[in-house]
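Engineer: We have chain W; now place chain C onto it with these hints.
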Amino acid sequence: MKLRRWFVLPPLLVIWVIAYRVLKPAAEWLTYQLIGLDPATRLGQAVAFFVYDTPKVLMLLVLVVFGVGLIRTFFTPERTRRTLAGKRETVGNVMAALLGVVTPFCSCSAVPLFLGFVEAGVPLGVTFSFLISAPMVNEVALVLLFGLFGWKVAGLYLATGLFIAIGAGWVLGRMRLEKHLEPWVLETRMGGVAAEDEHLGWNDRLDHAQQAVREIVGKVWLYVIAGIAVGAGIHGYVPEGLMAGIMGKQAWWSVPAAVLVGVPMYSNAAGIIPVVQALLEKGAALGTVLAFMMAVIGLSLPEMVILRRVLKMPLILAFVGVVAFGILVVGYLFNLVF
Amino acid sequence: MKIQVLGTGCAKCSELSTRTEAALKQLNLEVTVEKVSDIREIMAFGVMSTPALVVDGKVCFAGRVPNVDELAKIIAS
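Chains W and C, in that order, are what the protein sequence lines are. Going by the working numbering, the first sequence opens with residue 1, and the numbers climb by one from there. Going by the working numbering, the second sequence opens with residue 1, and the numbers climb by one from there.
Since the hints were derived computationally from the structure, they do not count as laboratory data. Hints are supplied without guarantee of correctness; some may be wrong.
As the list claims (entries may be wrong) - Pairs of lysine-lysine, DSS-like flavour, derived with a Cα cap of 30 Å:
(1) C:Lys35 with W:Lys219
(2) W:Lys56 with W:Lys24
(3) C:Lys73 with W:Lys219
(4) W:Lys152 with W:Lys312
(5) W:Lys179 with W:Lys312
(6) C:Lys35 with C:Lys2
(7) W:Lys312 with C:Lys12
(8) W:Lys87 with W:Lys179
(9) C:Lys12 with C:Lys73
(10) C:Lys12 with C:Lys25
(11) C:Lys2 with C:Lys73
(12) C:Lys73 with C:Lys35
(13) W:Lys56 with C:Lys25
(14) C:Lys73 with C:Lys58
(15) C:Lys58 with C:Lys12
(16) C:Lys2 with W:Lys56
(17) C:Lys12 with W:Lys219
(18) W:Lys219 with W:Lys24
(19) C:Lys12 with C:Lys2
(20) C:Lys35 with W:Lys312
(21) C:Lys2 with C:Lys25
Chain W on its own, in the form it takes in the complex (with noise of 0.2 Å):
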């Protein structure tokens, strides 16, 4: 029963690839000769874009989760914490903000681990570094990315993301903010019972990568087309350059607007990323619209009120303003450099 398994995968990968190659030319097929819209029409032009976007991204989106999801049953929180424990700043934040790409993390475990690491002796910096890389640099956000813009924007993302988690990280140590987290945080014992690292074979861990396919697509999948949809929208809709002047590079505060507009709204990648493809695509700024993007998903109030719990209000700012600011630099900079 378990041995099937082998020999359905393949196949299926195979299957997969065959598809994701005739998508454009079924998608095309599709809206004008069978539906019989006309290519030079809007409703054409945003039908088009829904039908091929959609089957687009969900495929990939189930590629990659699965494959994020067996690269995950390697890593735990426990283990990170172990890994994390002796190291020093500079060379932990670096090791954080990796392992906070790879590490499962889910936003309502913010505070246990927290206090996990903490309680490890993992310095204050390093485990920002860790809190704002997890979220971050998501495997929803890098799948989208390179679904809809290409591998170098992914790419850019990835990078930026990695960098504004170790620069801010290692900010927020140098400040030396231990004296705001509440009181019982460093009182707080961790017991020894840890859970003791399961056993995998391959078997288990496929199967958990299966079961993350479900969980996450099945969370995801809703935002994902409501997303395309209002993209489709734009794409059609939307007259070419009007957004260059809102979110155009000229508008040198069209970065700092994008980050106040962002830190408090609060959608997983899923939602916002097809909505910032066609913004991008009517002449906003790369960077400007990175920011936006990082701002959304990287800092929000949720995680923010949950976290509330361990740190005072003082350090939840300096957490906040420090990593809106890397985020800023991040926006300027693309927006000089592109």
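Structural biologist: Positioned in the frame of chain W, the structure of chain C alone reads:
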């Protein structure tokens, strides 16, 4: 037998208690599932990622929500 579900009250945690109860029914076991939501108590188990399942004081897994069949297997062993 003592079964505890550790979780700070997120959606995943309540999902785990629901599935644990279903697994217990499947095994015909009359055990109440105790929910532990105090963060310090959770930490005392050495758990950093919620939700987690504790059977007779032993942490079985943390940070995921297995399906009912797998839960039944874990509780039975």
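Engineer: Hints first: check each against the structure and report whether it holds.
Structural biologist: Here's how the hints hold up against the structure:
Pair hint C:Lys35 plus W:Lys219 holds up; C-alpha atoms about 25 Å apart against a cutoff of 30 Å. The suggested pairing of W:Lys56 with W:Lys24 holds, with an alpha-carbon distance near 9 Å, which does not exceed 30 Å. Proximity of C:Lys73 to W:Lys219 is assessed by CA-CA distance (about 26 Å); at most 30 Å being required, the pair is judged to hold. Straight-line distance between C-alpha atoms of W:Lys152 and W:Lys312 comes to about 39 Å, which puts the hinted pair past the 30 Å bound.
Between W:Lys179 and W:Lys312 the CA atoms are separated by roughly 9 Å; this keeps the pair inside 30 Å, and the hint holds. A C-alpha spacing of about 11 Å is found between C:Lys35 and C:Lys2, which places the hinted pair at or below 30 Å, so the restraint holds. Between W:Lys312 and C:Lys12 the CA atoms are separated by roughly 27 Å; this keeps the pair inside 30 Å, and the hint holds. Among the hinted pairs, W:Lys87 with W:Lys179 is consistent with the structure: their alpha-carbon atoms are about 21 Å apart, no more than 30 Å.
Annotation: proposed proximity of C:Lys12 to C:Lys73 holds, straight-line Cα distance about 20 Å (limit 30 Å). Between C:Lys12 and C:Lys25 the alpha-carbon distance is near 20 Å, which keeps this suggested pair within the 30 Å criterion. For the proposed pair C:Lys2 and C:Lys73, the alpha carbon gap of about 16 Å is at most 30 Å, so the pair holds. Only pairs whose Cα atoms come within 30 Å are accepted, and C:Lys73 paired with C:Lys35 is accepted, the gap being roughly 20 Å.
Using a Cα cut-off of 30 Å, the hinted pair W:Lys56 and C:Lys25 is violated, with the two alpha carbons roughly 42 Å apart. Taking the CA atoms of C:Lys73 and C:Lys58, the gap is about 15 Å. The hint holds against a cut of 30 Å. For the proposed pair C:Lys58 and C:Lys12, the alpha carbon gap of about 20 Å is at most 30 Å, so the pair holds. Proximity of C:Lys2 to W:Lys56 is assessed by CA-CA distance (about 47 Å); at most 30 Å being required, the pair is judged violated.
Taking the CA atoms of C:Lys12 and W:Lys219, the gap is near 12 Å; set against the 30 Å cutoff, the hint holds. Proposed proximity of W:Lys219 and W:Lys24 is supported: the alpha carbons are some 26 Å apart, at most 30 Å. Taking the CA atoms of C:Lys12 and C:Lys2, the gap is near 21 Å; set against the 30 Å cutoff, the hint holds. Between C:Lys35 and W:Lys312, the direct Cα distance comes to roughly 28 Å. Compliance with the 30 Å bound is thereby established for this hinted pair.
As the CA atoms of C:Lys2 and C:Lys25 are separated by approximately 15 Å, the hinted pair is consistent with the 30 Å bound.
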